[in-house]
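Chain by chain, the residues:
There are 2 protein chains.
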Amino acid sequence: MKYVIIGGVAGGAGTAARLRRMDETAEIVIFEKGKYISYANCGLPYYIGEVIKERDKLLIQTAASFKSRFNTDVRVNTEVTAIQPAEKKVTAKCSVTAEVYEESYDKLVLAPGAFPVRPPLLGIDGEGIFTLRNVSDMDAIKQYVHSGGIRRAVVIGAGFVGLEMAENLHHLGLEVSIVEKVSQILPPLDFNIAAIVQQHIRAKGVRLYLDTAVSAFERQDGEVSVKLGNGDSIEADIVIMSVGVRPDTRLALAAGLETGKSGGIVVNEFLQTSDPDIYAVGDAIEFPNPFTGKPGPAYLAGPANKQGRICANNLVAGNVQKYPGSISTAIVKVFDMTVGIAGMASKNLQKEGIRNIVSTTHGGSHAGYYPGARQLTIQIAFAPVSGRLLSAQVAGYEGTDKRLDVLASIIQRNGTVYDLAEFEHAYAPPFSSAKDPVNIAGFVADNILSGRMKVIYPCDISRLEEDTLLLDVRSPAEHDRGGIPDALNIPVDELRDRLHQLPADRKIVIYCQVGLRGYLAQRILMQSGFSRVYNLSGGYRLWEIYQE
Amino acid sequence: MKYVIIGGVAGGAGTAARLRRMDETAEIVIFEKGKYISYANCGLPYYIGEVIKERDKLLIQTAASFKSRFNTDVRVNTEVTAIQPAEKKVTAKCSVTAEVYEESYDKLVLAPGAFPVRPPLLGIDGEGIFTLRNVSDMDAIKQYVHSGGIRRAVVIGAGFVGLEMAENLHHLGLEVSIVEKVSQILPPLDFNIAAIVQQHIRAKGVRLYLDTAVSAFERQDGEVSVKLGNGDSIEADIVIMSVGVRPDTRLALAAGLETGKSGGIVVNEFLQTSDPDIYAVGDAIEFPNPFTGKPGPAYLAGPANKQGRICANNLVAGNVQKYPGSISTAIVKVFDMTVGIAGMASKNLQKEGIRNIVSTTHGGSHAGYYPGARQLTIQIAFAPVSGRLLSAQVAGYEGTDKRLDVLASIIQRNGTVYDLAEFEHAYAPPFSSAKDPVNIAGFVADNILSGRMKVIYPCDISRLEEDTLLLDVRSPAEHDRGGIPDALNIPVDELRDRLHQLPADRKIVIYCQVGLRGYLAQRILMQSGFSRVYNLSGGYRLWEIYQE
Ligand SMILES: Cc1cc2nc3c(=O)[nH]c(=O)nc-3n(C[C@H](O)[C@H](O)[C@H](O)COP(=O)(O)OP(=O)(O)OC[C@H]3O[C@@H](n4cnc5c(N)ncnc54)[C@H](O)[C@@H]3O)c2cc1C
Ligand SMILES: Cc1cc2nc3c(=O)[nH]c(=O)nc-3n(C[C@H](O)[C@H](O)[C@H](O)COP(=O)(O)OP(=O)(O)OC[C@H]3O[C@@H](n4cnc5c(N)ncnc54)[C@H](O)[C@@H]3O)c2cc1C
Ligand SMILES: CC(C)(COP(=O)(O)OP(=O)(O)OC[C@H]1O[C@@H](n2cnc3c(N)ncnc32)[C@H](O)[C@@H]1OP(=O)(O)O)[C@@H](O)C(=O)NCCC(=O)NCCS
Ligand SMILES: CC(C)(COP(=O)(O)OP(=O)(O)OC[C@H]1O[C@@H](n2cnc3c(N)ncnc32)[C@H](O)[C@@H]1OP(=O)(O)O)[C@@H](O)C(=O)NCCC(=O)NCCS
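Sequence lines, in order, name chains A and D.
Numbering of the first sequence is given in the numbering used here, commencing with residue 1 and proceeding in unit increments.
Numbering of the second sequence is given in the numbering used here, commencing with residue 1 and proceeding in unit increments.
Hints are computed from structural coordinates only; laboratory data are not their basis.
Just so it is clear, CB atoms sit at the ideal spot from N, CA and C, and this is done for glycine as well.
Please note: incorrect hints may appear among the correct ones.
Chain A stretches covered by chain D per the calculated footprint, using a threshold of three residues with CB under 8 angstroms from any CB of chain D [claimed, not checked]:
id: 1; segment: 35–46
id: 2; segment: 57–69
id: 3; segment: 325–338
id: 4; segment: 416–427
id: 5; segment: 431–437
With a straight-line cut-off of 20 angstroms between C-alpha atoms, the simulated EDC-like cross-links for lysine to aspartate or glutamate are [said to hold, decoys possible]:
id: 6; chain 1: D; residue 1: K88; chain 2: D; residue 2: E103
id: 7; chain 1: D; residue 1: K454; chain 2: A; residue 2: E127
id: 8; chain 1: A; residue 1: K89; chain 2: A; residue 2: D73
id: 9; chain 1: D; residue 1: K67; chain 2: A; residue 2: D497
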């Protein structure tokens, strides 16, 4: 059996490695148009930022090592320029020798990845404007940064890679601005969680231009003037475009393979394209989303690698393993913070017509009495009746990735908020609390679903009915340090004795710092004859962030 | 409704707090024989070690704060000395006033916890020998440590609390020895994983006496001589006994409540004792183990707190929520390392007649090319046919708690090793690799179950048949640094060209450093006419640890 693979990185090299383990006698050929295979795309920003010091570390395998380990014929610097599905051949061109030749296959795997979007803006092809996808891009950026006089960077696009680039350029001592078209960073996330990180980015001295489109670039006097939609401009020595990627479907389209609505190569659950002898994996494909059933991309290294393994299994053993789809678990370090998501943000669920309830809670990374605990924020969205967990977003410091992973594992297995409540975590003081923040998220959702807690959100506060009473149940000291305007302050511990000060006929919106005391206060009021009582989800802390 | 609760810490205070939120009008009385309620038991060792500096931080709530927040009548320094179930009364005695009185209840909750075992050894009641369970114990130890001339400590029992005490006393500058009766630390774990931590403890300069029983204590010249079973003795200035706890069932037994085989109070799935008006939670109860169905204790703060919440729900709403049982997730920091378990160790599964396959893998805490990655070891046990995950043990540094939590969440929801393989974790270089160590554990188990990889364990190596060929597929440099005696060295990358050097008729046991290259080599051999080929699970690294 002869397998030809187009693309030699996460999806392609992963498929090849597993293929070899499954079939020692197969002939395996990898075509890679770039100079390198098996490189760590995800590490590229960190080498630019000199967090990763050795370039070699990014080259996990080379053509030679892949040959000796996996007995695979790796042809770097060789682009496949066409596929002839009827003849089961590909045409390849070596960029070093300029040789063009055909190669036959029994089974073909497409793993060409995605390419960075470069919007057709005036001046975008000028000097000093870069995108980052592969090792050559990285080398080019790194060289430019050190070419002398590079002080100011503009990163366009505040997605995962954009933020990593901003941090890394800042780490090198550059003055960094981020320009983002929509009104928040990290567009796949809900606003509140993104806003927490926005504060942090600003606190680090990075300028953040939200709701800001770039209209053109002008190169003059050795610098790039980034023209903004509102007429302003930002002067920069280097510009990084990180406004997303698109699946590389050029070969697939030319070969008549089916591509889909979201722009990716269509595959069935076995990762087989519309041509039964051609499979496809990685950033280039689209796959039904587990929540909506609608096809979409993943653009993530974990799924690409997992698909590679499944694809190899199916190639060798004949469609034996289904790919379950990706819940799009993604995470990013942003300076000292970590933020991530698994599942579909509430705003996107809403767009898809999927009803969901949101709850935001804050908790310590570990026991408060053990040194070094930091607050982290968990925001979950869940189905109103079943309580099925639809997404989780976490922002914080230590232990953020842990909570996200646990939540992802529960989302992936169709778990509910009750599973969060029951989750038996590993507890000792350096690692968690007797009730983990994941448990707390579950308890609170349980209370919402059972009607024991009625919640209201930061976005509702500015449009409350005239006669609503805002009740701050924190201590007077906390109240004095800042609160939502026009709130009455009765500390929760005094509430039982001061019920007569509250109007039983008015709607009451309670808040405290994080939501816990507000809940306690609400329980007291709801059981003391007050019927229209709401607790502010995420408390004053979230409201304040929401003001961002 | 009048609720009386015996014991005011994890289980008791937790039940009371939830009770109040569920029922604002109930009368709630907590009896606590000690001076404090709601203290952080789990923090006690760290205050002794001065990692936690403020004693107040351990007192999460006080009787007064509990009163004002939860309108609960908390009676500290008051021991319940008897229960009269027929009259629905308890007898209480205040240790301050010596007053003895009765208190009636509608529903009673038992949360008396457990008490430390003090084996009836000669001299055990002498000066300088302590157990640690509550704040007074902590104060007594701390005072003694600082009473002058305390240089050498012996900790008896290498369970979770014993190790924490050893670390904390070491942190204070004491010379510490640990004496453990069985042949490993952390008896609930399998040997291999415990052995990793044993190496670490020894490297820190703590003396570890395994397989060593204590037979008596002798106090002379101001020091304690700890007499060992083998006739030796260790001189110490302070001795900490941490040889386990027993459920405090004294009141329950006297009141005629049913207790069980494992020594705990018997409760049904609603946490109700044999008397329908009496519920019980926490360390004092036994509950069917999810794997064996046999009742056993948990002795963990997470389960105690969760039980408290469920118990309150059942008390107020009438047996509405079932407790699912505990998978005994436990973790401990041991100097720079972290180690923990969820589910039942292989050796205990075996004892219970539950067939299971073990697999040990090592992986980086995060991407190897990003600074600071450390190896962690995952050992899983799973069912031979279904692949159901039965336990997971993890030892390492950063990210150990994360993997354990994810594995626990999958075990708890009856997941399989295939769920580990599919697990879509949050990946960016500072947090993980494209394939998380949890995925790798799943892949490897999948390969074992499918017969693609046949494994052999470190304990098998010393009893291999005479004619077995041991094959080291690491590089010659690695081989020279140390290996299993009498192994032939053929690096995996040369194997395909040197197959003729191997005897097709002999059994071949392959090993590499961690298991990966051994697996690759095995795939080559198995598909090249060699039929009896085994890969050493966990590789040389695990074998070396096993020699401990
Ligand atoms: C800077 C950066 C940071 C990232 N960080 C993360 C992260 O932290 N976490 C995460 O999950 N994901 C991250 N990703 C995304 C992740 O790298 C991709 O999802 C993953 O690499 C996709 O794998 P793939 O095999 O589909 O495509 P790629 O890894 O892009 O590989 C495709 C390869 O195919 C080659 N190719 C294309 N066409 C042809 C052709 N016609 N002939 C020959 N060769 C061809 C390309 O040259 C390329 O090398 C990051 C990506 C980038 C660029
Ligand atoms: C040093 C130490 C470290 C620990 N570390 C961890 C850890 O890291 N992780 C973890 O999960 N677990 C840990 N634990 C275990 C955890 O603390 C217990 O599982 C948990 O506290 C059990 O809760 P409980 O309410 O059943 O019992 P307890 O918390 O022990 O509370 C019982 C209370 O009842 C009182 N009482 C008993 N009898 C009477 C009576 N007759 N009248 C009135 N009052 C009475 C006792 O004085 C006691 O205060 C640790 C325990 C200790 C001692
Ligand atoms: C380098 C590369 C080709 C490796 O592919 P790979 O061999 O499948 O992956 P790994 O090295 O992680 O090894 C995993 C295999 O080893 C096995 N393995 C790992 N540890 C093992 C152990 N201790 N014992 C036995 N087997 C082990 C796994 O089971 C798996 O084999 P399987 O798929 O046949 O089950 C591929 O990962 C790659 O190109 N990576 C770089 C590109 C990339 O991913 N970029 C995006 C992220 S930055
Ligand atoms: C102090 C103590 C009485 C607190 O009990 P508690 O009030 O039930 O627990 P918490 O303070 O964690 O609060 C949890 C409650 O607040 C709610 N909550 C937490 N954060 C919230 C938020 N942001 N918004 C709304 N509600 C919130 C939870 O839903 C939960 O309420 P519920 O059980 O009614 O659903 C008890 O935990 C205790 O005694 N602890 C110390 C002893 C101990 O556990 N020792 C062993 C470990 S060291």
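Here is how each hint holds up against the structure:
| no. | hint | verdict |
| --- | --- | --- |
| 1 | 35–46 | holds (count 4) |
| 2 | 57–69 | holds (count 6) |
| 3 | 325–338 | holds (count 8) |
| 4 | 416–427 | holds (count 8) |
| 5 | 431–437 | holds (count 5) |
| 6 | K88(D) x E103(D) | 9 angstroms, holds |
| 7 | K454(D) x E127(A) | 57 angstroms, violated |
| 8 | K89(A) x D73(A) | 16 angstroms, holds |
| 9 | K67(D) x D497(A) | 13 angstroms, holds |
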